[in-house]
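2 protein chains.
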Amino acid sequence: MLMPRHLQTAARAVIVLLAVALSPIAATAQTDPLPSWNDTAPKAAIVEFVEKVTKEGSADFVAEPERIAVFDNDGTLWTEHPMYVQLAFALDRVRAEALNHPEWKTTQPFKAALDGDMKALAAAGQKGLMELIMATHAGMTTDEFQKVVADWITTARDPRFKKPYTDLVYQPMLELLSYLRANGFKTFIVSGGGIELMRPWTERVYGVPPEQVVGSSIKTQFEMKDGTPTLFRLPQVNFIDDKAGKPVGINEHIGRKPIAAFGNSDGDLEMLQWTTMAPGARFGLIVHHTDAEREYAYDRDTEFGRLDKALDAAAVNSWTVVDMKADWKKVFPGD
Amino acid sequence: MLMPRHLQTAARAVIVLLAVALSPIAATAQTDPLPSWNDTAPKAAIVEFVEKVTKEGSADFVAEPERIAVFDNDGTLWTEHPMYVQLAFALDRVRAEALNHPEWKTTQPFKAALDGDMKALAAAGQKGLMELIMATHAGMTTDEFQKVVADWITTARDPRFKKPYTDLVYQPMLELLSYLRANGFKTFIVSGGGIELMRPWTERVYGVPPEQVVGSSIKTQFEMKDGTPTLFRLPQVNFIDDKAGKPVGINEHIGRKPIAAFGNSDGDLEMLQWTTMAPGARFGLIVHHTDAEREYAYDRDTEFGRLDKALDAAAVNSWTVVDMKADWKKVFPGD
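In order, the protein sequence lines correspond to chains A and B.
Each position in the first sequence, counted from 1, maps to that position plus 333 in the working numbering.
Each position in the second sequence, counted from 1, maps to that position plus 333 in the working numbering.
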């Protein structure tokens, strides 16, 4: 059939719409947008919030451009145990670069990294961690670092499940991201982790494009190199997007206050406060890791993703707390 | 007529689509998306670029998420003479706050600001300008500053046209922003000016939401104030989004390389290089201020918006140069 292209398109659309219009079943049988969530309180709270802010004419209605939702990454969208993925990345990079740095064999925290001595690493503290990151995340162009990350994220496997880290994202949270976007929300990641460690894969895995990722960063410098413009990564901290830094990062990158925030640890406390302690309909949610069998169980006493002050604040501020074991049918997409 | 809502919606859509399908005129008579552009080389170059990157199957096709376009603001989207709007704002703020600062009467650069002594102000240089900005842009919360800006932008008038600054935006560039967005581009502002001086009005005036505005900034600090979370603006430079800072700002906020960049001065040189000196279809454009009658005429010899190195680079890099007088039918929306 030779029909002009615009007629073909329109005809197809008409057929589809007639089919929908004439089939009461197709139109009324709504598919559950959150199938991996049990029918417990958190799911009901999410749906209630989304329905009220999207209902035109309601007192709680929020115009689409203002529907900003922010998500922490480590422990909220993907697994952060037995250690932050960024630390696993840094340790792998130290091993990969060790031949070029014979001095690392005898210098901390590099020796600890090479020996896999987690106790010595923990003892090196925040300062040691920053040293590892500076040594492994800087000294190359942004394009080169992006390639290192993209390669690593496809080949690295976590120690317990032996899966790529991007398989250890939470299926219920993927559904939540999609559900919010289907309701006119713009979804942002606001992570304490390195911004450039996330951007190469967040669009594919979470549907969140690079320009909607906020995170910690090191300084970069513009340089013309053999006639080609490059950004060179310097071993200097630019911004730490954690704790009180999260509202700062949100303001800098987004420029308006979110109406919904999702986190899992004390690093998310100020982001949750900034988002929810304001007029109008607001939503705060904390993922509580309670499922040692399917994932991990931890809260007030852990090195990675401590949830203590923010758990107390959840009760005071009426934030929704997800009990992973009770509220999630499924944890990972592959379950 | 009592029809279930989904039937109503579908019926409406069917009617609209049938109307389109049955009317060859509606589908073929294209309206010119750039009516304020003369039919000279720049318009042809813009249209040619947009058509080739949006044509599926073509060698130059660019997928929608990668269609990032960056625009300078001062002198590219709105007028920057006789002085940057940010300087006019700072001078107005100094006058408004003078009673609370008796010392300003005898201290430079404040004395020059109060006396309207542009020569002394120019002599105070970059350092003096920063002092003015710190004194007038900091020392309050982000919410307070936003209100100051929103009030000022509606009441302030430029000295020559006696119009609000937001009326002195370029109609051809507004059309270009819309044309790009209609073709799947995401449009960002990347300005040397203060990020929070733009965000309160860019969505209304340019259709660019706050999260797509990149600019210079001062540091902010999260504080709980009487139980309310606030961000307090500190008198410390956070980031200067100018010259070699622009690619840095683009990388930090957008996280991918734009495919089109629009500027007007040497402050945009590195942004244009970063955008265009890369593989694939790329587009660079410079607005050359050549119209003293309708706007201003300046290039190599001016305090505000000097265009010297970037004009030479335009020839080398085949960037499109808009001759405002010859290429634009209209300058401002009100013309």
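Hints listed in this document are in silico derivations from the structure and should not be mistaken for laboratory results.
One thing to keep in mind: the hints can contain errors.
Straight-line Cα separation of at most 25 angstroms, SDA-like style, residue types lysine to any residue; simulated pairs [stated by the list, open to error]:
no., chain 1, residue 1, chain 2, residue 2
1, B, K519, A, Q479
2, A, K576, B, N571
3, B, K460, B, D632
4, A, K552, B, M467
5, A, K576, B, K438
6, B, K376, B, K519
7, B, K480, A, I486
8, A, K663, A, V649
9, A, K460, B, D632
10, B, K438, B, G472
Since this is a predicted model, take the numbers as computed values, not measurements.
So, going through the hints one by one against the coordinates:
no. : hint              : result
1   : B:K519 <-> A:Q479 : holds, 22 angstroms
2   : A:K576 <-> B:N571 : holds, 19 angstroms
3   : B:K460 <-> B:D632 : holds, 24 angstroms
4   : A:K552 <-> B:M467 : holds, 23 angstroms
5   : A:K576 <-> B:K438 : violated, 42 angstroms
6   : B:K376 <-> B:K519 : holds, 20 angstroms
7   : B:K480 <-> A:I486 : violated, 44 angstroms
8   : A:K663 <-> A:V649 : violated, 29 angstroms
9   : A:K460 <-> B:D632 : violated, 49 angstroms
10  : B:K438 <-> B:G472 : holds, 20 angstroms
In summary, the numbered hints that this structure violates are 5, 7, 8, 9.
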